[in-house]
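Chemist: Listed here are the chains, written in short residue letters.
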Amino acid sequence: MTTAASDSATTPEPGAAEVPRPSVTLQVLLSNEFGLAALIAVAVVIFATSLPGFTSPFSLFTLSRQIGIDTMIGLAMMAVIVTGGLDLSVGAIGACAAMFFGFGLEQLGLPLPVAIVFALLLGAGLGAINGITVVRSGVHSFIITLASMSIFFGVMIYLTQAKGFNGLPPGVAAFGRMKLVGPVSVLLVTTLAVCAGLLVLYRFTALGRQMLSAGANARAAELSGIEVGRTLIFCHALTGALAALAGLMLTARTGAAVPSMAGHLGQDWLLPAFLAPVLGGTLLTGGRVSVIGTLLGATFVTVITSGLLLMRVSEFWVQAFLGLMLLAAVLIDKARHTLLRRRGMI
Amino acid sequence: MRNSILKSGLAMLAVAGLASPALAGSDTKVALVPGGPHPYFAAWEQAGKDAMKDFSLAAGDYRVPQKWELSQQSQLLESLLTQGYNAFLIFPGDAVGTNAVVQEIVDNKGIAIATAGCLKDPTPALFCMGTDTGNSAYLGTKELIKAMGGKGRIAHFTGFLVDPNTQLRIDAVKKAADETNGAVTVVQVIADIDAPQPAEEKINAYLAAHAADVDGIVTTAWVPAVTAANSLRKLGDKRIKMVGIDHDEVVIKAIKDGFVNGTMLQNPYGQGYLGSYVLNKLRGGCKLKDDAPWKSNALTKKFVDSGTVFVDASQADNYVDAMRAITKTILANFEKDYMTCS
Numbered sequence: 010m011t012t013a014a015s016d017s018a019t020t021p022e023p024g025a026a027e028v029p030r031p032s033v034t035l036q037v038l039l040s041n042e043f044g045l046a047a048l049i050a051v052a053v054v055i056f057a058t059s060l061p062g063f064t065s066p067f068s069l070f071t072l073s074r075q076i077g078i079d080t081m082i083g084l085a086m087m088a089v090i091v092t093g094g095l096d097l098s099v100g101a102i103g104a105c106a107a108m109f110f111g112f113g114l115e116q117l118g119l120p121l122p123v124a125i126v127f128a129l130l131l132g133a134g135l136g137a138i139n140g141i142t143v144v145r146s147g148v149h150s151f152i153i154t155l156a157s158m159s160i161f162f163g164v165m166i167y168l169t170q171a172k173g174f175n176g177l178p179p180g181v182a183a184f185g186r187m188k189l190v191g192p193v194s195v196l197l198v199t200t201l202a203v204c205a206g207l208l209v210l211y212r213f214t215a216l217g218r219q220m221l222s223a224g225a226n227a228r229a230a231e232l233s234g235i236e237v238g239r240t241l242i243f244c245h246a247l248t249g250a251l252a253a254l255a256g257l258m259l260t261a262r263t264g265a266a267v268p269s270m271a272g273h274l275g276q277d278w279l280l281p282a283f284l285a286p287v288l289g290g291t292l293l294t295g296g297r298v299s300v301i302g303t304l305l306g307a308t309f310v311t312v313i314t315s316g317l318l319l320m321r322v323s324e325f326w327v328q329a330f331l332g333l334m335l336l337a338a339v340l341i342d343k344a345r346h347t348l349l350r351r352r353g354m355i
Numbered sequence: 467m468r469n470s471i472l473k474s475g476l477a478m479l480a481v482a483g484l485a486s487p488a489l490a491g492s493d494t495k496v497a498l499v500p501g502g503p504h505p506y507f508a509a510w511e512q513a514g515k516d517a518m519k520d521f522s523l524a525a526g527d528y529r530v531p532q533k534w535e536l537s538q539q540s541q542l543l544e545s546l547l548t549q550g551y552n553a554f555l556i557f558p559g560d561a562v563g564t565n566a567v568v569q570e571i572v573d574n575k576g577i578a579i580a581t582a583g584c585l586k587d588p589t590p591a592l593f594c595m596g597t598d599t600g601n602s603a604y605l606g607t608k609e610l611i612k613a614m615g616g617k618g619r620i621a622h623f624t625g626f627l628v629d630p631n632t633q634l635r636i637d638a639v640k641k642a643a644d645e646t647n648g649a650v651t652v653v654q655v656i657a658d659i660d661a662p663q664p665a666e667e668k669i670n671a672y673l674a675a676h677a678a679d680v681d682g683i684v685t686t687a688w689v690p691a692v693t694a695a696n697s698l699r700k701l702g703d704k705r706i707k708m709v710g711i712d713h714d715e716v717v718i719k720a721i722k723d724g725f726v727n728g729t730m731l732q733n734p735y736g737q738g739y740l741g742s743y744v745l746n747k748l749r750g751g752c753k754l755k756d757d758a759p760w761k762s763n764a765l766t767k768k769f770v771d772s773g774t775v776f777v778d779a780s781q782a783d784n785y786v787d788a789m790r791a792i793t794k795t796i797l798a799n800f801e802k803d804y805m806t807c808s
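Protein chains in written order, with the working numbering: chain A, 10 to 355; chain B, 467 to 808.
So that you can see chain A by itself, here it is in the shape it has in the complex:
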């Protein structure tokens, strides 16, 4: 069964049990996205009323910037989860693209727009390599990207000797500090623009629908004329490009391209990469994505983390609190569905 409020999903199989279609309002109320939005609202109200610093312009700015970056990382993973696969190398690709961006600007003297395009193309290319290897070998993307994570990162560290590029044009750092509409970071606005593009892709284009179909049921998609292999490669390339964009955003945030931006082998990105889309309702089995849900998932995690840090909860407990909050969120969502089902509302 699909959830109508998700951004895009495959259609039910013919012959599936007919369920009375709920009203649009009820669809919204029952959606993952609404549940997340409600939780975010509750968290914001609690933190804003109990923590004076939470609503300060600096806090709101850093919050919006973090949401922008974490959402972009989540979107990168979402683009490949749609196929039922995953990409453990998103962090490595992001770091490689960022370092190439820095190299292009600092060493080759490329104009900024050209360096951006080349970095995105590199990300897409590395993603495509993952996709081609997955399709040609038939090995699960977990194994392929586990290997490519080490390869991409290792080659990058070898070539750069782990030295960052901090002689970037001032405009790069200025972009990372730029605010739009009060304290809102321009990085969040960038992410919102990408979200809009992905919504259009998955909802209104043939390619987007092919991606969802290939992820939901590859065999059925193939029988209906979709070139599943090519579609999967495109999904991986899209993941690479989005990871590269996340890397560029982090470069703008730090004002420098640094090899450790995503941690050792790029592993630091894995938690936000999975958390945001999965919380937002993207199915790990593929065939269903939620761009808005990914945005809300990243927002929820960032708000909770920021609030807990401001509450001076020990840094070592933040992760545990985060896990508890996430578990509570999932259980509350399930309880909401159960209650509605008992009342015959779904």
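Derived by calculation from the structure, the hints in this document are not laboratory data.
One or more hints might be untrue.
[Unchecked claim] Simulated coverage check for chain A against chain B, where a stretch passes if three residues somewhere in it have a Cβ under 8 Å from a Cβ of chain B:
no.	segment
1	171-181
2	204-210
3	264-270
Every value quoted in this text rests on a predicted model; they were computed, and no experiment measured them.
Backbone N, C-alpha and C define an ideal beta-carbon position, used for all residues, glycine too.
Please build the complex by placing chain B on the supplied structure of chain A, with the hints as guidance.
Modeler: Just chain B now, with coordinates in the frame of chain A:
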């Protein structure tokens, strides 16, 4: 024990007036923030508490990012700034990448010193206080070569490759070996092992296969030092000479028992204590002198060496004295040498 001795000595200095009453003690909130959890920084907690008491700081809190991640540290620093901290001792999560969040601290009227590790120039941090890592690795290797009788093969176990200090250490070890005109060679460098699991796996595997092929081991990161000391004890091999780093009890005991020849001590307590003192002075109106005797290293031209010293079996019981002496000297002269206070 070590910290309590150091604490009492430095407190006496503070009372004696060398560290004059804080000029802005009432509102200086110092946060001591390492790059992530690591035993090296454990001494910072006591250093912050002692500095808070001795210099009447509003806060001297040790706050650790939950993971060794640049983004986690940046997020924590932003949060601390929001909470009202105005003076920061920071071990940079990245020598280049941490500059951005330090700039935000400065933009919001805070000040920061890069501590234990440096930020790359140009940097908004006031200066860097730490161990001269390259020099420490060089001196340690020279001591190892001496213990090896001036000839043989060395294995070098070190930290994470993403840390620019690691390359400095690798270069320094190689430099010391090259100075022997081929009598000593570095036959193996194993990096990326400053964590228990990779250190155990790689060092034990290497020694199991190649113990007979090496005559000396130099370690330039905490965890590899502990792991290598344990491995040599397990092997019962006193033929292989070793010089470690830092003051983990495992390493000190291995020195006493003859499995390790010595260790290059660093001064984490002194870094935290001295750094807090300096931040408070600067917030109280003191200015840093441009013509101060700044040292330079590969990352910055404003470097203060917090001290490093080689400790062998003869000093293993009283190694604290050596570091206390260095800390006292720096504290006693810092204002005169590095600051102008009205």
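Chemist: Decide, hint by hint, whether the structure agrees.
Modeler: Hints, verified against the model:
Counting residues of the segment 171-181 of chain A whose C-beta sits closer than 8 Å to any C-beta of chain B gives 5, which meets the bar of three, so the coverage hint holds. With 0 residues having a Cβ less than 8 Å from any Cβ of chain B, the segment 204-210 of chain A misses the three-residue criterion, and the hint is violated. For the segment 264-270 of chain A, the stated coverage by chain B is satisfied: 6 residues place a CB nearer than 8 Å to a CB of that chain, which reaches the threshold of 3.
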